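Residues in the sequence shown are numbered from 1 upward in steps of one, following the numbering used here.
Don't take every hint at face value.
[Unchecked claim] In silico BS3-like links for lysine-lysine, alpha-carbon gap of 30 Å or less:
#, residue 1, residue 2
1, Lys-306, Lys-278
2, Lys-30, Lys-237
3, Lys-306, Lys-30
4, Lys-237, Lys-306
Derived from the structure by calculation, the hints contain no laboratory data.
Remember, it's a predicted structure, so these values are computed and weren't measured experimentally.
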Amino acid sequence: MSVVFSVFAAAVSLLWSDPGTPVEQVDFTKPARNVSEPQAPFRFIREELSGNSPKVLVQDASGRTWQVKGGPEGRADAFATRLVSALGYYADAICFLRQGTIVGVQWPLRRASGFIQRDGTFTYAAFELRDSNARFLDGNGWLWWANEFSATPELRALRVLVMLLSDWDNKDARNASLGSNTGILRFETNGETVNVYFVVDWGQSLGSWGHLFGWGRSNWNCNDYRRQSGDFLREHKDGRLLFGFRGQHYENFGRDVTRSDLRWLVSRLGNISAEQVKAALRASGASPDEELCFASAFLDRVGILKRAAASGTSEIR
């Protein structure tokens, strides 16, 4: 199995590994890493007050712990994690449920009452599995521009995926006080320690990355997502690749991305079909209209990447 890793302080650090299955053979109805869906009944553990989205912790019938999140952010997260996992990056397993019931909810709920009723019924919720084999390293987010993988096509391709999905909430370790969206999971198995570098939250994807000072940002909004596709990637007459993306950090997020990096990504992403994209969107809670709109806009952007990867020989300068 191919991996992109480094050894640091007696631990292996991992960013990417060969998923083993070509993307055109992936079943996108299943969540990241083919994790089985949560099984009712769901028993309330507690309300989680971190972050910006309302959420609670529950235990399912098989004893697994899930974070349950309401709002459109969960749908964007469910789609994006399926995609990046299929390409070899670690992602949380997220399942979307249109409705259900949580047993033993303790009222009052401070924030989650918007999608959970007093009788425990809920609507439009994303279930994120808490991996019992992993420990999140608090305070150990990583920097996009200074990490063990900075010189690799795998890291630059991950940044392209962030831009492809318009995930404008690209906070990193510089934003520890606000909550970094880059994180490290530690797995310890048979005496081996592996630190997995990953994007923690894709929930601000599939909308607009906004304008000056972040005005107009959105998520899970197909009209906004499609409207910005024309600015996603342009080719300068001198051969440079110009990405229009503007995230939480206003540096040029694609400044060192080369055509070689695009070819690396396209060789893995390029054969995804419209039916697979639609299946992932349906599984993530998209309405029929959203399914058609998002699939068309997403594949248009993939086509832009393909054309840029195939044209010219100039690298960004």
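Here is what the structure says about each hint:
Pair hint Lys-306 plus Lys-278 holds up; C-alpha atoms about 20 Å apart against a cutoff of 30 Å. Annotation: proposed proximity of Lys-30 to Lys-237 is violated, straight-line Cα distance about 42 Å (limit 30 Å). For a cut-off of 30 Å, the pair hint linking Lys-306 to Lys-30 stands: about 26 Å separates their Cα positions. For the hint linking Lys-237 to Lys-306, the alpha-carbon distance of about 18 Å falls within 30 Å, and the restraint holds.
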